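A.B. asks: In case you want the letters, here they are:
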Amino acid sequence: MAGKLEQLKNNLEAALGNRIVSLTQALGEITVVVNADDYVIAARTLRDDPRLAFSQLMDLCGVDYSTYGEGAWRGKRFAATSQLLSMEHNWRVRLRVFAEDDEFPLVETLTTIWANVNWYEREAFDLFGIMFAGHPDLRRILTDYGFIGHPFRKDFPISGQVEMRYDPQQKRIVYQPVTIEPREITPRVIREDQYGDLGRH
Amino acid sequence: MAEIRNYTMNFGPQHPAAHGVLRLVLEMDGEVVVNADPHIGMLHRATEKLAEQKTYLQALPYMDRMDYFSVMANEHAYCMAVERLLGIEVPERAQYIRVMFDEITRILSHLLFLGAQGLDLGAMTMFLYTFREREDLFDVIEAVSGARVHAAYYRPGGVYRDLPDVMPRYMASKTRDARTVDGLNKARSGGLLDFLQDFTERFPAYVDDYETLLTENRIWKQRTVGIGVVTPEQALQLGFTGVMLRGSGVEWDLRKKQPYEVYDRMDFDIPVGVNGDTYDRYLCRVEELRQSNRIIRQCIEWLRANPGPVIVGNHKIAPPPRAEMKGSMEELIHHFKLFSEGFRVPAGEVYATVEHPKGEFGVYLISDGANKPYRVKIRGAGFAHVQALKELAPGHMIADLVAIIGTLDFVFGEVDR
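Which chain is which? The protein sequence lines are Y and A, in order.
Under this note's numbering, residues 1 to 201 are what the first sequence spells out, in order.
Under this note's numbering, residues 1 to 417 are what the second sequence spells out, in order.
Chain Y on its own, in the form it takes in the complex (with noise of 0.2 Å):
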C-alpha cells in the first residue's frame, strides 16, 4: 500500500509539474492544492493522464477556514475540496483549491470535467456562498426557498438568523428574528492531554 502510495505522489508530481502548490501525503491519503487559475487544467490533467486516470469525482464540498485552529489560520479562507477516485488504479486523491477573494469567493466550475460535480458545487455555493463560474445551473440546493445567507460559513449562527410561527393576527406564517438565546453546553478546546497518568497507555 505503502509503494503505491509513493507511486501516486511521483506521477502526481510528473503530470502537474509546476501546478502544485503543495502535495502532503498523511494518514495514507494525498492531498493536492493548486491555485484557483490552473484548477480546471489540474483537474483535466487528474482525469485524462493515463497515469493517473482520476475518471471518478467521489465528492465536493466547500470549506470555510476563518476559525481554523482558533485564530491560528492565515491562508485564504474559502476552500472547494474535492475527493477524487480512480477505478483504473484503485486509489484516490484530494484536491483543493482555494478561493482568492475573501469577500466574494470565485473558482472556476468542474462540469466540463466531471458532469456529477453540478450538484456538490451548488451544494457548496448554498451552504458557504463560494461562486463557480461557468457552473450551468448555480442554484440554491438544501436550503429552503428564499433563503438569505450561507448557513455554513463559520459567522453565520447555529440558530440561525430568523425563525418563523404563525400569526394569529394576519392568519398566515411570518418570519421573524430569532428568539433562541446562543448557548454552548461543551467549550470548544484545542490542548494537550494533562491530565491522569500520562505514561499508563
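Keep in mind that the hints were calculated from the coordinates and are not lab data.
Heads up, a few of these hints could be off.
The following residues of chain Y were derived to be distant from chain A, with all beta-carbon distances above 10 Å [to be verified]:
#1 Glu-6
#2 Asn-11
#3 Ala-14
#4 Ala-36
#5 Asp-49
#6 Pro-50
#7 Asp-101
#8 Glu-103
#9 Met-131
#10 Ala-133
#11 His-135
#12 Leu-142
#13 Pro-168
#14 Pro-177
#15 Glu-184
With a straight-line cut-off of 35 Å between C-alpha atoms, the simulated DSBU-like cross-links for lysine-lysine are [what the hints assert, rightly or not]:
#16 A/Lys-49 - Y/Lys-171
#17 A/Lys-390 - Y/Lys-154
#18 Y/Lys-9 - A/Lys-49
#19 A/Lys-257 - A/Lys-390
#20 A/Lys-256 - Y/Lys-76
#21 A/Lys-186 - Y/Lys-4
Label pairs and their computed distance ranges (CB to CB) [said to hold, decoys possible]:
#22 A/Ile-4 - Y/Arg-44: 55 to 61 Å
#23 Y/Gly-69 - A/Lys-186: 55 to 61 Å
#24 A/Ile-270 - Y/Tyr-145: 48 to 54 Å
None of these values were measured; they are calculated from a predicted model.
All C-beta atoms in this analysis are idealised placements derived from N, C-alpha and C, irrespective of residue type, glycine included.
Fit chain A to the known structure of chain Y by using the hints.
C.D. replies: Same frame as chain Y, now just chain A:
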C-alpha cells in the same frame, strides 16, 4: 384542432412513491416525462454544522440519522474517520462485530428496498414479508444497543459493548398465551449469536420466497425490464456507486477493492448486472441478501470461537469499565473528562469510506486539534443518485418514473443531511 402543449406537473414532496420528501418538477408530454427537475433539501437538518458544535462522541448519533435504514454503516464510516485521525487500531473482535452488523444493515436496507419497490409497483405482499424479517433484525440491534433503529453502537475505538449472552424474550399476556410465547421464544433461548444463527438458517428460504413472488412474475418483469437503463459509461459519468453501478456491469465494491476491517478474510461474491435496468439491479440486491447472509455466518463462527476486548483499552478515548471507575481516582477522571470535554483529535484531514448498502458512503473530517470536528462532510450515495433523475427520467412514462425512483433506492436522510 386544439393546441397541444406540454404541461408542468409537481410531484411530491408529500407523495408515497417519492420515498421521503423528493419534489420533482416534471414537464410532461401526455404521459411521457420530457424533463425532470429534482428539488431536494426538504429534510435538510444541517447535520454537518451541528456536528461542528458537538464533541466527536456527541456527533456520532447524528450519523444514525443520515441514511436511517442503514444506521450501522453510517456510524462505521464516521468511526473509521475518527480512528484514522487518532491513529488507533480497533480490536479484532470489534472488527468482526462491525462487519457482522454492516451486513445486517445491508440486509435491512435491501429488504426495505424490496418491500418498498414491490409496494410501488403493485406487489403489496412483498412489503409484509420483508418487514417480518426486518423485525427479527431490529430485535438483534435492540439487544446489542438498546435502540431498535438509531443504535449509536459503533464508537471510535470499537463498539459500545460485547454481544449479549441472552436475547430478550416475549412474555405471556392477554393477547399472547403461553403456548404462542413458547413458539416465539424458541430461537431466543440462547444468546444473540444463537438467535442470529437461527435467522441465517431461516433466511435463504425467505429469499427464495421473495424470488418466487417476483423474479419470474410477468407483471414485475413488465414493470422493471428495460426501465431506467444505465450504461456502464453513463453510470461512471453520473458518479454512481454501489448497486447502481454494479447493476450496469461495473465490478466495483469497496469491500473487495479497498477492504476495510476484516472483509479481506471473508468469503463472498459480488453480483453484477448485465443490462443495467431496474430488473438487473433488483436481481443484484437479492443476490447481495444471500451474500450478506454468508458473511454473517462466517462472522458468527469466528465470534463464537474468539472472545476478547471490543473497544480499545486507551481510556482517553474509550470509557473505562464502571467497576474500575468506582474504585480508581484516575479512571474517574478519565470518565469525567471523556463525557464532559471529550477527547481531542490530532489536526489533520481524512476521507473514510465504507461500502454502504446504497453505495459509497464517505465521511470527510477536518480536525484542527480540538475536541470538536472542524468540518464534517458526509458523502451519501443517494445524493449522486437523485441527481441522476434528470438524466434517467426523460422518455419514460410517469408510472415508470416510480420504478426509477424505487430502483435508485435513496433515502432523504443522507441526500439532504
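A.B. asks: All hints, please: hold or fail.
C.D. replies: Hints, one by one, checked against the model:
no. : hint                              : result
1   : Glu-6                             : 18 Å, holds
2   : Asn-11                            : 18 Å, holds
3   : Ala-14                            : 24 Å, holds
4   : Ala-36                            : 20 Å, holds
5   : Asp-49                            : 17 Å, holds
6   : Pro-50                            : 16 Å, holds
7   : Asp-101                           : 21 Å, holds
8   : Glu-103                           : 21 Å, holds
9   : Met-131                           : 19 Å, holds
10  : Ala-133                           : 21 Å, holds
11  : His-135                           : 14 Å, holds
12  : Leu-142                           : 4 Å, violated
13  : Pro-168                           : 25 Å, holds
14  : Pro-177                           : 19 Å, holds
15  : Glu-184                           : 7 Å, violated
16  : A/Lys-49 - Y/Lys-171              : 33 Å, holds
17  : A/Lys-390 - Y/Lys-154             : 33 Å, holds
18  : Y/Lys-9 - A/Lys-49                : 33 Å, holds
19  : A/Lys-257 - A/Lys-390             : 30 Å, holds
20  : A/Lys-256 - Y/Lys-76              : 39 Å, violated
21  : A/Lys-186 - Y/Lys-4               : 52 Å, violated
22  : A/Ile-4 - Y/Arg-44: 55 to 61 Å    : 44 Å, violated
23  : Y/Gly-69 - A/Lys-186: 55 to 61 Å  : 59 Å, holds
24  : A/Ile-270 - Y/Tyr-145: 48 to 54 Å : 42 Å, violated
Comparing the model with each earlier hint shows violations of hints 12, 15, 20, 21, 22, 24; every other hint is respected.
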